[in-house]
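**Q** Sequence:
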Amino acid sequence: MRPWIAVAYSTLIVTATTVFLIYPISQGSFSDASVFGSSLFSAMHGSLVTSSLVRETIENESANEGIWFTALGISTMAFNLNDFNFNQSIVDSQGRVINTWADIINCAILGMEVMHERNAHNFPLDLCAIEALSTNG
Numbered sequence: 001m002r003p004w005i006a007v008a009y010s011t012l013i014v015t016a017t018t019v020f021l022i023y024p025i026s027q028g029s030f031s032d033a034s035v036f037g038s039s040l041f042s043a044m045h046g047s048l049v050t051s052s053l054v055r056e057t058i059e060n061e062s063a064n065e066g067i068w069f070t071a072l073g074i075s076t077m078a079f080n081l082n083d084f085n086f087n088q089s090i091v092d093s094q095g096r097v098i099n100t101w102a103d104i105i106n107c108a109i110l111g112m113e114v115m116h117e118r119n120a121h122n123f124p125l126d127l128c129a130i131e132a133l134s135t136n137g
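Heads up: the sequence shown runs through residues 1 to 137, numbered per the numbering used here.
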């Protein structure tokens, strides 16, 4: 039996650790430790094992490529960096925001996030303070 096969079979332990330890700490409750998250974690673990132990490397590539990709994925999930929002509002030359459908959708998404987990989020003040967005322009 090759030594890395035992490492590959440790995926079950990694999955259990993900569901019962990592996700409840980072997401706030056991209900968020979903099957999808643990299978994604297992896939990254398999990527780590495959790319760092099984495959031979040449001079121009690193054997640690899988390790860094896995570390990036774990860090992304641990710190809940899965919802980046790069939709910046359009601003005219005088600094006034030009409302678009993207702004309306972003406000709706914020509202849904607040309603989904009431105890995990504070209600965004920008939803309370602004007037209703007009879709007529």
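Bear in mind the hints are in silico, worked out from the structure with no lab data behind them. No residue lacks a Cβ here, since even glycine has one placed at the ideal position from N, Cα and C. Hints may contain errors.
[To be verified] Here are the simulated distance ranges between beta carbons:
(1) 110 <-> 90: 26 to 34 Å
(2) 13 <-> 98: 12 to 20 Å
(3) 112 <-> 91: 20 to 28 Å
(4) 17 <-> 111: 28 to 36 Å
(5) 17 <-> 94: 52 to 60 Å
(6) 102 <-> 13: 41 to 49 Å
**Q** Next, verify each hint and record whether it holds.
**A** Each hint, compared with the structure:
{"no.": "1", "hint": "110 <-> 90: 26 to 34 Å", "result": "18 Å, violated"}
{"no.": "2", "hint": "13 <-> 98: 12 to 20 Å", "result": "53 Å, violated"}
{"no.": "3", "hint": "112 <-> 91: 20 to 28 Å", "result": "25 Å, holds"}
{"no.": "4", "hint": "17 <-> 111: 28 to 36 Å", "result": "34 Å, holds"}
{"no.": "5", "hint": "17 <-> 94: 52 to 60 Å", "result": "54 Å, holds"}
{"no.": "6", "hint": "102 <-> 13: 41 to 49 Å", "result": "43 Å, holds"}
Checked against the numbered hints listed earlier, the structure breaks hints 1, 2; every other hint is satisfied.
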